[in-house]
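K.L.:
Since the structure of chain D is provided, determine the placement of chain H on it from the hints.
There are 2 protein chains.
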Amino acid sequence: MNPYQAPLGEMRFLLEHVFNAQATWQGLASLDGMVDMDTALAILEEAAKLNSELVHPINRAGDEEGVGFSDGRVTTPKGYKEAYNAFVEGGWVGLSGDPEYGGMGMPKMLGVLVDEMGYSACNAFNLYGSLTAGAALAINAHGTEELKSTYLPKLYSGEWAGAMDMTEPQAGSDLRHIRTRAEPQEDGSYLITGSKIFITGGDQDLTENVIHLVLAKISGSNTLSLFLVPKIGVDDQGNLTEPNGVSVGSIEHKMGLKGSATCVMNFDSARGWLIGRENKGLACMFTMMNYERLAIGIQGLGSAQAAVQMASDYARERLQGNAVGSTAAADPILVHGDVRRMLLTTRTLTDAGRALAVHTGKQLDLAKFADDDAVKTKAGRYVGLLTPVAKAFLTDRGLDITIMAQQVFGGHGYIRETGIEQLVRDTRIAQIYEGTNGIQAIDFLGRKVTGDNLATVKEFIAEHIEVLSDTCDKANSLRVGFADFVAVATWINDNKLSRPALINSVAVEMLDAFGYLLYGYYHLLMRDAARAADSEFAAAKAAYCDYYFAKLMPRADALLRAAKAGDELLMSLPETCF
Amino acid sequence: MNPYQAPLGEMRFLLEHVFNAQATWQGLASLDGMVDMDTALAILEEAAKLNSELVHPINRAGDEEGVGFSDGRVTTPKGYKEAYNAFVEGGWVGLSGDPEYGGMGMPKMLGVLVDEMGYSACNAFNLYGSLTAGAALAINAHGTEELKSTYLPKLYSGEWAGAMDMTEPQAGSDLRHIRTRAEPQEDGSYLITGSKIFITGGDQDLTENVIHLVLAKISGSNTLSLFLVPKIGVDDQGNLTEPNGVSVGSIEHKMGLKGSATCVMNFDSARGWLIGRENKGLACMFTMMNYERLAIGIQGLGSAQAAVQMASDYARERLQGNAVGSTAAADPILVHGDVRRMLLTTRTLTDAGRALAVHTGKQLDLAKFADDDAVKTKAGRYVGLLTPVAKAFLTDRGLDITIMAQQVFGGHGYIRETGIEQLVRDTRIAQIYEGTNGIQAIDFLGRKVTGDNLATVKEFIAEHIEVLSDTCDKANSLRVGFADFVAVATWINDNKLSRPALINSVAVEMLDAFGYLLYGYYHLLMRDAARAADSEFAAAKAAYCDYYFAKLMPRADALLRAAKAGDELLMSLPETCF
Chain D
1 MNPYQAPLGE MRFLLEHVFN AQATWQGLAS LDGMVDMDTA LAILEEAAKL
51 NSELVHPINR AGDEEGVGFS DGRVTTPKGY KEAYNAFVEG GWVGLSGDPE
101 YGGMGMPKML GVLVDEMGYS ACNAFNLYGS LTAGAALAIN AHGTEELKST
151 YLPKLYSGEW AGAMDMTEPQ AGSDLRHIRT RAEPQEDGSY LITGSKIFIT
201 GGDQDLTENV IHLVLAKISG SNTLSLFLVP KIGVDDQGNL TEPNGVSVGS
251 IEHKMGLKGS ATCVMNFDSA RGWLIGRENK GLACMFTMMN YERLAIGIQG
301 LGSAQAAVQM ASDYARERLQ GNAVGSTAAA DPILVHGDVR RMLLTTRTLT
351 DAGRALAVHT GKQLDLAKFA DDDAVKTKAG RYVGLLTPVA KAFLTDRGLD
401 ITIMAQQVFG GHGYIRETGI EQLVRDTRIA QIYEGTNGIQ AIDFLGRKVT
451 GDNLATVKEF IAEHIEVLSD TCDKANSLRV GFADFVAVAT WINDNKLSRP
501 ALINSVAVEM LDAFGYLLYG YYHLLMRDAA RAADSEFAAA KAAYCDYYFA
551 KLMPRADALL RAAKAGDELL MSLPETCF
Chain H
1 MNPYQAPLGE MRFLLEHVFN AQATWQGLAS LDGMVDMDTA LAILEEAAKL
51 NSELVHPINR AGDEEGVGFS DGRVTTPKGY KEAYNAFVEG GWVGLSGDPE
101 YGGMGMPKML GVLVDEMGYS ACNAFNLYGS LTAGAALAIN AHGTEELKST
151 YLPKLYSGEW AGAMDMTEPQ AGSDLRHIRT RAEPQEDGSY LITGSKIFIT
201 GGDQDLTENV IHLVLAKISG SNTLSLFLVP KIGVDDQGNL TEPNGVSVGS
251 IEHKMGLKGS ATCVMNFDSA RGWLIGRENK GLACMFTMMN YERLAIGIQG
301 LGSAQAAVQM ASDYARERLQ GNAVGSTAAA DPILVHGDVR RMLLTTRTLT
351 DAGRALAVHT GKQLDLAKFA DDDAVKTKAG RYVGLLTPVA KAFLTDRGLD
401 ITIMAQQVFG GHGYIRETGI EQLVRDTRIA QIYEGTNGIQ AIDFLGRKVT
451 GDNLATVKEF IAEHIEVLSD TCDKANSLRV GFADFVAVAT WINDNKLSRP
501 ALINSVAVEM LDAFGYLLYG YYHLLMRDAA RAADSEFAAA KAAYCDYYFA
551 KLMPRADALL RAAKAGDELL MSLPETCF
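Respectively, the protein sequence lines represent chains D and H.
Taking UniProt numbering, the leading residue of the first sequence gets 1, the next gets one more, and so forth.
Taking UniProt numbering, the leading residue of the second sequence gets 1, the next gets one more, and so forth.
No lab work stands behind these hints: they were computed from the structure.
Glycine included, every Cβ here is placed at the ideal spot set by N, Cα and C.
Distance condition first, Cα-Cα at most 20 Å in a straight line; then the derived EDC-like pairs of lysine to aspartate or glutamate:
| hint | chain 1 | residue 1 | chain 2 | residue 2 |
| --- | --- | --- | --- | --- |
| 1 | D | K564 | H | D546 |
| 2 | H | K564 | D | D557 |
| 3 | D | K564 | H | D473 |
| 4 | D | K148 | D | D235 |
| 5 | D | K217 | D | D174 |
| 6 | D | K378 | D | E466 |
| 7 | H | K564 | D | D546 |
| 8 | H | K564 | D | D473 |
Among the chain H residues that face chain D by a calculated CB cut under 7 Å, a handful are:
| hint | residue |
| --- | --- |
| 9 | K254 |
| 10 | M255 |
| 11 | Q320 |
| 12 | G321 |
| 13 | L334 |
| 14 | G337 |
| 15 | D338 |
| 16 | I415 |
| 17 | A543 |
| 18 | D546 |
| 19 | A558 |
| 20 | R561 |
Extracted from the complex, chain D is given alone in its bound form:
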């Protein structure tokens, strides 16, 4: 296995030249003075070192060993504890956390790049910190001052971990069916009873406490509320007290992500505290969902980047066949057109994916930190539009990319020792959890695109695509492509009431079409931004842009044609046809 090398040059290029990080940060009062490009680059370098030297080395062994479970106790694989200690000592859990409670307050457009490295280095390990950051976000947004001051410092420091407890056997994508109950107590707390499944990081042996955010119904209500339920009780001074009726029923045996504990959690009159208002649990979850969904998108991106590196290295080392006219005994397989096709496809999708991640992160930062209400509101709408795309498209393409990279390895790609097959297995879940990619697409098309009669998507296109002064064929084709997208989306919007199954039926095709078009936009941006750089870098970016438009962009058109075929072909069929 090759050592993981963070793509620091690419990351810096996006921040500095494509998305103008420095100017963005200077324009935001809460960030100005806290972070500049020098700080950002120092953070990226430190994260690269940590992930290359400490996290990546535990990745393969953790997959072989997996998480253990006996006598109700979860044990993480060898080396996880040491890596976790180094990880929390660096303050990485609180990187984007609220400085008032011990977070570092760093912008998300930087955070996504750190997260990418984490997922490239080890999918399973990185999830533990990611879930904690997500839990902290929800507590910070909706918790009382007392909850915040008690829990946030310990979560940001990584002393305690967080977990999200939503799914139950009968309640997956459809959370209405949750049965976990919450009994109000006289002291204002609640006693939580019920069972949750698929709880990532539900328990582990890395931290002394786990803070569960549990969706439950208050007795007498059929609507969801959100509760903070610590595994071990916490007194007023923040000291641990007694176990709190929270136990692990079992752990799941999964296709991959074997170093990450996926738990069945049992709550037996566990004491919890309301986060936000009663019966508003879903709204509280939604606050953090954009962050969490983006984070899972980054899992796809991180896996893709790792796969691209491995395939690229292998294609240089492996000698089979000859280049045209070569008289060598054998040449590296990199000389073959088909191998280059695979490498360029994976590379151009990954580079554009990173641009999507940073762009979405930038909008999140503007929505959070901007002083101007108009800027803040618009960024919030763009976050809404881009987030389901980032979650679904980054993870769908992430799987495609790991599979294509595996193909570069030939037979060796199927052998566990090589490591590339682990990436395929690990990243597969990212298309499913945190809202399946089908759910993301329905959110995208139903709420974000047609929900406001295309106002946001049209504004986004006007601001990003129509302003391109570029008159090259590619920019022109991009304008045509987005116009086609708007035309089909308009047709859907016009028919959504008379055909109530239409959005559900064509949502994935529409999200994918938008994703491929958006990636074209990012390739144009990167090509143009690179013109100021040295000529080799600029030539590479131009070549990637050419490749992407010629080879991959035609997919957008095929998807729009499929979407335009509508829902009748699916919905008119009797059940016996399935």
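P.N.:
Relative to the frame of chain D, chain H by itself:
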């Protein structure tokens, strides 16, 4: 896990109504009287019973347990031995074998359907018999009468197994680099010395002997010859004698296919016998390659069919969300447009895939059994054209289908217990071994399409597509699609000499485009053939045809546009871009 149910109705429909099996067999002297539809249906029913009741039940446990290896001995998982005994007792290994040596002489268009069931039931188990049948084929085609009469009856009966020993660490896709040597002996035998890797079924505990077909270089030569090398020596009477210097170095730990032993094989002055002529080993291998490659295509098809069934069952059982206007607490997820999209995509690709398998099998039968030389030769050319498509397209779509079916299961799809993730892992290898799908595509475009300046492909299109009297939109679009394919292929053919990397660079896109077009053709055929059947069946086939053309066929156009972009975008880039 749901019990596997062979799709006997679909299989019968293809044989009887789409590809006119009975008339085909009656027209072939070697088959007439040996097989008719009644025999064929009895064989299919028997195979269905065996695979449902004996083979499928060992599938999951075999994946968990895997193949064992200690003290140089390979052990298959629990239950494999019993299933294997039942399998060979039924004579299934020799189903398509030469009757002169104990085979059943059944046509391939029937054999592919039996093989599909085997792979649906258990990928790993079915390989053992498949490799044996392949080895027997090569021995029958090129071996001496003595080798044939000694080895074929034992192989057809399944008493002994066969294995193909080609790959070495430095010789994968590029077999020139093979180092295994063969020293000629005075008695006409050879002593074989060398090491092979990735040998499927290289050893096991199911049979008392394993017959290896080994590619090696005769001392003094740099060209490959093919040798028969038994694990245990065999005397003139066919009795086992002494161990023959053939040993297992280790077994591979793989992403999937864990019940199949993938061995490192060591040959230490092992006695072997030449198959075919000296230095003509590759030609001998090619004889069986069309059969073997088709068999691996069927692995993709079998996995796809199993996945389609599982997803379809789950979509009926799983209650989440509601149909439009439903007042139920929750409906089966089958009511959702996006779930229907996944089910119809997987179903229409699988049904067309089975048609491709039977069609290719039929051409193989004509090429083997036809008395008329013109018929035989043309069928041989069609086999050449269709085989790389069947191998690559069935396995590429096979993986797509298993992944999409897994998505239908949501979070449960990622859990090992559910079983669907095993299909993804098991079928992934089929895109790689027996010639990677990139190699298949280069064979397709370089040898089969442009090798004779498009003569065969044009003849194929004229005979199958242009004759369609149908004037519906779909038939018209199919004619246009194939015309586009021919136009791009002609451009490639015209430029292949001046651009020697062109074929390698665009081969996969061209094979995929051809595959999607061909599937459209099969959907038209099936729709039309079903018109004679009951109205529900006919309506279903018409609906699948509509769905396929509207939703999936646009991919062919996107692929042709990508291919038309040529090779320069890939080949002009410096190595630093990869």
